[in-house]
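So the sequence lines, in the order shown, correspond to chains A, B, C and D. Going by the working numbering, the first sequence wraps up at 326, each residue one higher than the last. Going by the working numbering, the second sequence wraps up at 326, each residue one higher than the last. Going by the working numbering, the third sequence wraps up at 340, each residue one higher than the last. Going by the working numbering, the fourth sequence wraps up at 340, each residue one higher than the last.
Mixed in with the good hints, there may be bad ones.
[As the list claims (entries may be wrong)] Under the rule of at most 27 angstroms between Cα atoms (straight-line distance), these lysine-lysine pairs were calculated in the DSS-like manner: (1) B:K191 - C:K45; (2) B:K173 - B:K191; (3) A:K191 - D:K45; (4) A:K173 - A:K191.
[What the hints assert, rightly or not] Just so you have them, the derived chain A footprint on chain B, three or more residues with Cβ under 8 angstroms: (5) 16–22; (6) 129–135; (7) 226–232; (8) 257–267; (9) 296–305.
Derived from the structure by calculation, the hints contain no laboratory data. Every residue gets a Cβ at the ideal spot worked out from N, C-alpha and C, and that includes glycine.
The chain contents come next:
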Amino acid sequence: MAQMSYLDAVRTALAQEMRRDPAVWAVGEDLGRGGVFGQYRGLVEEFGPARICDAPISEAAILGVAVGAAMLGTRPVVEMRFADFALCAMDELVNQAAKARFMFGGQARVPIVVREPIGMWRSSAAQHSQSLEAWYAHVPGLIVACPATPADAAGLLRTAIRSDDPVVFMEHKNLWGLEGEMPDDPDHCIKFGAARRVRAGRDVTIVSWSAQVHVCAAAAETLAAEGIAAEVIDLRTLWPWDRAAVFASVGRTGRLLVAHEAVAVGGFGAEVAATVAEQRAAALRAPVRRLGAPRALIGYAPPVEDAVRVTAPMIAAAARAMVAGQ
Amino acid sequence: MAQMSYLDAVRTALAQEMRRDPAVWAVGEDLGRGGVFGQYRGLVEEFGPARICDAPISEAAILGVAVGAAMLGTRPVVEMRFADFALCAMDELVNQAAKARFMFGGQARVPIVVREPIGMWRSSAAQHSQSLEAWYAHVPGLIVACPATPADAAGLLRTAIRSDDPVVFMEHKNLWGLEGEMPDDPDHCIKFGAARRVRAGRDVTIVSWSAQVHVCAAAAETLAAEGIAAEVIDLRTLWPWDRAAVFASVGRTGRLLVAHEAVAVGGFGAEVAATVAEQRAAALRAPVRRLGAPRALIGYAPPVEDAVRVTAPMIAAAARAMVAGQ
Amino acid sequence: MERPHAAAGVPAGRNLDLGRLRAHHRLMLRIRALEETALRGLAEKQVFGAIHPSIGQEAVAAGVVAQLLRDDILLSTHRGHGHTLAKGASAGAMLMELLGRAGGVCGGKGGSMHIADFGVGMLGANGVVAANIVIAAGAAHAIRLQGGARIVCCLFGDGAINRGPFLEGLNWAAAFRLPVLFVCEDNGFAATTRAAALTAGPGASARARALGVPAEEVDGNDVLAVEAAAAALIAAVRGGGGPRLLHARTYRLTGHTAADAAAYRPADEVAAARARDPIALAAAWLAEAGVPEAEIAADRAAAAAEMAAAYDAACAAPFPDAAAAFRDVQDIGSPAEMPF
Amino acid sequence: MERPHAAAGVPAGRNLDLGRLRAHHRLMLRIRALEETALRGLAEKQVFGAIHPSIGQEAVAAGVVAQLLRDDILLSTHRGHGHTLAKGASAGAMLMELLGRAGGVCGGKGGSMHIADFGVGMLGANGVVAANIVIAAGAAHAIRLQGGARIVCCLFGDGAINRGPFLEGLNWAAAFRLPVLFVCEDNGFAATTRAAALTAGPGASARARALGVPAEEVDGNDVLAVEAAAAALIAAVRGGGGPRLLHARTYRLTGHTAADAAAYRPADEVAAARARDPIALAAAWLAEAGVPEAEIAADRAAAAAEMAAAYDAACAAPFPDAAAAFRDVQDIGSPAEMPF
Ligand SMILES: Cc1ncc(C[n+]2csc(CCOP(=O)(O)OP(=O)(O)O)c2C)c(N)n1
Ligand SMILES: Cc1ncc(C[n+]2csc(CCOP(=O)(O)OP(=O)(O)O)c2C)c(N)n1
Ligand SMILES: [Mg+2]
Ligand SMILES: [Mg+2]
């Protein structure tokens, strides 16, 4: 176990996968200078510009090229820079990458990893802050990973690179600097669809993913001090998502709160809450509850940006009310 | 009241709005020859090619041009031909049209209507059959309309054209030929966020929108013959959506079933079901229930296409089980 | 056999390889027969989705695609039957696909707009105009990474050059000097719209050159001219010269889809185009070169018979089962194992 | 005043309008001072998001944008402070925006990347490269529909010409013969990447011409040359001649953002570019034309003082309240009235 930042964890895992499998290559803007966040730092020196491939500002080409190159057996890791720019390549991702295998009756495989840094970060405003993971979860053919810790980011990235189907890999920009333990094993892969129990508790289940997991953990800390034991579950992947883990936890706690940074309306929290309400109604001692951003845009000025944040006090208050039966 | 097809209803309403307001114009591929489904038939003859504007195959330009033209005070009606092709203009729709007003502090208004024909229709296969209304409902700044009848299509289109904010207007391809009553009043606008009660009933509330409404109505017919009174609610718009109507109905029936053609996972049914489970738990006599397509792609061969359809028997069976307390 | 042809419409100043011309003619006949059979299937409600016939454009498929090697990669469009057949796909499996049968090239899941045969390097038609251009650049990028002499051929229409991926794909291919032959199959129309009316500037070739892709124009109804131009460009591409574009001017003799009566075109324009039907041109050259009319008629009959038999076989073949809807979506999180 | 300039670096063969040059110089000084103040704001943690300085590129803003009429429309990029100021926005309201204050041009909701002043026809910077190009075509399309002599000016970088909207927007503008002046502000870099390395073919002008848009190239550090070229093109556009493109070659003296040390550039390249700083060039011409050094220094000081005062005012101004987050999202279904 080494101590490592989230950024270094994914950087290390990518390098390890590139050493392991010569078919793996990365493509995106500015990668040769380390990428916009430094997440590719040092890689061109080791792997050369053919495998750490600089791209023009051309997201549709970056993704479309990856689809074609994947069909011929290479394994591209595609950098979208900000998740928001992936909107420039939505046909390539949704109509092409996600559908090719099925549409061609199994003849095509599209083993690509599409890295999409998400989330609010330093007043980046409306076009550089979005979290659209719910979109991808709704698209058959795609896998969606939203790691919250360095170890998960590395382990899920390895699994993503080894996956024969397209994976949307969403790193949260606010997590780049987060330090954590990183397993030494370069083959440490994390299964898709296996949630992580961040903290055990018997009173309420709090489900989350990505950076919001840490906000939930902070809320659980507060609640613990008040004698409320919250169980925090990090889904890690939204498709597939670990229904069994959530059902088991709700079976114990009888209460489900889902919290995420994305807009609540149509967010993936709705899927989790609806599924539990449908399939585990008998276990529920309180109605399911969701917390997400208001259906509002993300502004530049800190007070405006903060107005759409789901905070630890909000989560604690919601959990408290649920436990109190309000 | 005239009897009219869904197609003629929207065609008529568009013509009426264009007569009413010279700022309204339509832009898209092949409009001068009536559009791909004939929904613009005859319009270029009346309004000329400047206002029924043929476009190159260039969805990003069609939508981007509409955004710029709307900012200067015109009111473009944008034809995307198949909803699937709107993925080629996702940046323009989501990063630009939906955000401009907010991002520029209220300086911009983007009164555009983006017409996106959705749904399964005659073996159109994976790239011409999608229903991604849930995506747009998740995007702040957008209004989402999914009319099910000729009168609603016309009334909602008028409201959409008169709206000062961008509207995604989803017509179901399978409904073009549907005949129905059409109010004569050329100012007959239907408020966004006002659901329509298709059929009253005390035993179970079935919520739906677009073509699926008719499938739900057929299921309700079957159920009625068995003595189960299903109330069918057509949301008509997904954002805003008529929570009050759904809450009131569930308050009466104690049971909520949401059915839609789109993929169930991450579909807008999750939003409706989760909201009711959260906010009307006490009224529920059975767990909420959703029916949508499996998280699978849409195939060409009829048996494959049919495998992802939500049918009237499936809806009836689900409602029956809910009423029976299973 | 070699002789100059000037008089009866045979392209002048060219050494005619009669064997090749005959092969082109046979292939074009097979493409025509395949599509006429598809239209029959539509009329008989055996074919389900939209059909975009390439009737009148067969010389591009025969002249370009038939020059590729089996190992080369092909990407096509919604109007891709001819390209697919020319690349070597089985007509039987193609017709099964159009009829949505389990034995189709895509197991009946793709239909006409997604026809593909990866076994012969045909990586798919595409339902989204111009989407194949960036995918083609990617296939060529993979070839560059993997080494080898394969090339990629990517066909698209004159309408496609107004979408962004045309610029992005050509720029990519040229910036990385990738082995791609782009072919703009210019049939004058983008669906019901005259493509030229909304295409600014001098067109596909000029755009390609401005993107660093050398380009040639050719009469797309003259299969020999197409072949000659394609052969030269393919040699340059295969030789490592980077991408090339061939702009082939032809004409769509039918409507955009089988459902389009194409009433927006003047009758004399269509008549003039019919007079330059690429198959008729080739047949006339063959006749003039001494091939007996009976042999030409026999080729025509053979093509029709082949497709009729394939059609009958497809009609008799089983549909995929419903479970096929859940296969090949994805391994992990598959709808087959995780019903909602 | 008119005289030829050859010796001391003053562009030869040109009739110098000293008043205009002085105005250009003042505007460039104000842009420079504004951006240096923004950088100071970043260092002092008063500015929050990313800042993309246009330091070294001011001659494009002064030479092109200042030629537009108030009624003309401008669309800019992430690197748009100079353009916005040149179009007539208030420096005070701009700095308030960069500091996220309620009094900012966008009420503090946009920040640097979305700076806009619709009151002076400045329809926005854009956080998405090339997205403004199709929007600009649309603004021009509206002008066509509405009538009137207004024109649209759309600026973008050399990196933007590799995105699809470049093709789609120019094709649209040319196909509809719309009144747009496109300006490719070529600073050599797309973020940390040399744009030319991944841009195939001869570049922006050739691409524009192939799309039916006549184009000119100009030394983008020579404000008089930029002005002359822009004036000619604007006259053509305003005269109904359809779109034009100006390709202005300049250099980004800073990193891509304030956070980018730009270590990827050789020091001598940067030194050479610094020697051609457009403001220094203009100052030298002024001096040579007899403007006393003290006056030039006074202009410089005035610009700095203006921005320092605006900065102080912004620092003292209130932030928007949290409710601003729910305003101007949408009328119906607004988060203000429909909390989730
Ligand atoms: C992105 C996109 N927009 C629109 C369509 C609808 N469409 C299908 S084919 C076609 C015309 C294409 O014209 P062209 O590229 O010239 O090819 P052709 O049909 O003439 O072979 C159109 C508009 C589409 N499939 N994809
Ligand atoms: C679609 C998109 N891709 C990537 C980015 C990230 N990005 C912001 S500015 C920039 C470089 C732009 O280069 P250029 O167009 O030359 O403008 P310059 O920054 O040089 O002024 C990049 C890649 C973006 N904003 N939008
Ligand atoms: Mg065409
Ligand atoms: Mg640049």
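Results of checking the hints against the structure:
1. B:K191 - C:K45: violated, 42 angstroms
2. B:K173 - B:K191: Holds, at roughly 23 angstroms.
3. A:K191 - D:K45: The hint is violated at about 42 angstroms.
4. A:K173 - A:K191: Given that 27 angstroms is the threshold and the Cα spacing comes to 23 angstroms, the pair holds.
5. 16–22: With 0 residues close enough to chain A, the hint is violated.
6. 129–135: holds (count 3)
7. 226–232: Violated, because only 0 residues of the region 226–232 of chain B bring their Cβ atoms closer than 8 angstroms to Cβ atoms of chain A.
8. 257–267: Per the Cβ count (5), the hint holds.
9. 296–305: Result for this restraint: holds, n = 3.
Hints 1, 3, 5 and 7 from the list above are not met by this structure, while the remaining hints are.
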